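Undergrad: Model the full assembly from the supplied sequences, consistent with the hints where possible.
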Amino acid sequence: DRKGLYAKARAGLIQGVTGVSDPYEVPKNPELTIDTSAMTPAEAVQEVFLYLEEQGYIV
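Following the numbering used here, the residues of the sequence shown are numbered contiguously, the last one being 112.
Simulated from the structure, these hints should not be mistaken for lab results. Check each hint, because a few of them may be wrong.
[Unchecked claim] Computed spacing ranges between beta-carbons, pair by pair: (1) Glu-107 with Arg-63: 35 to 45 Å; (2) Leu-58 with Ala-97: 34 to 44 Å; (3) Ala-97 with Lys-56: 31 to 41 Å; (4) Gly-109 with Gly-65: 42 to 52 Å; (5) Gly-109 with Ile-87: 35 to 45 Å; (6) Glu-78 with Leu-58: 14 to 24 Å; (7) Ile-87 with Leu-58: 19 to 29 Å.
Fair warning: this is a prediction, and the values are worked out from it, not measured in the lab. Built from N, CA and C at the ideal position, the CB exists for glycine as well.
TA: Spelled out as structure tokens, the structure:
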């Protein structure tokens, strides 16, 4: 990451970083899931935009 938060968390300098000092919790009912192993980054972005349009968040 650009700010080096994960390196700082692994070194014990900061706390509360998801996946290092705080557990990652899988959402029980996600509104949207993107399988990034099955599509390109551009396709994943398109899926997100389509979902946001369908939900009325963007026009």
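Undergrad: Does each hint fit the structure? Answer for all of them.
TA: Against the structure, the hints come out as follows:
1. Glu-107 with Arg-63: 35 to 45 Å: The hint (35 to 45 Å, Cβ to Cβ) holds, given that Glu-107 and Arg-63 are roughly 39 Å apart.
2. Leu-58 with Ala-97: 34 to 44 Å: Hint violated: Cβ distance 23 Å, outside 34 to 44 Å.
3. Ala-97 with Lys-56: 31 to 41 Å: Given about 23 Å between the Cβ atoms, the range is violated.
4. Gly-109 with Gly-65: 42 to 52 Å: 44 Å, holds
5. Gly-109 with Ile-87: 35 to 45 Å: 20 Å, violated
6. Glu-78 with Leu-58: 14 to 24 Å: Since the Cβ atoms of Glu-78 and Leu-58 sit about 18 Å apart, the hinted range of 14 to 24 Å holds.
7. Ile-87 with Leu-58: 19 to 29 Å: 23 Å, holds
Taken one by one, the earlier hints fail for this structure at numbers 2, 3 and 5, listed in ascending order.
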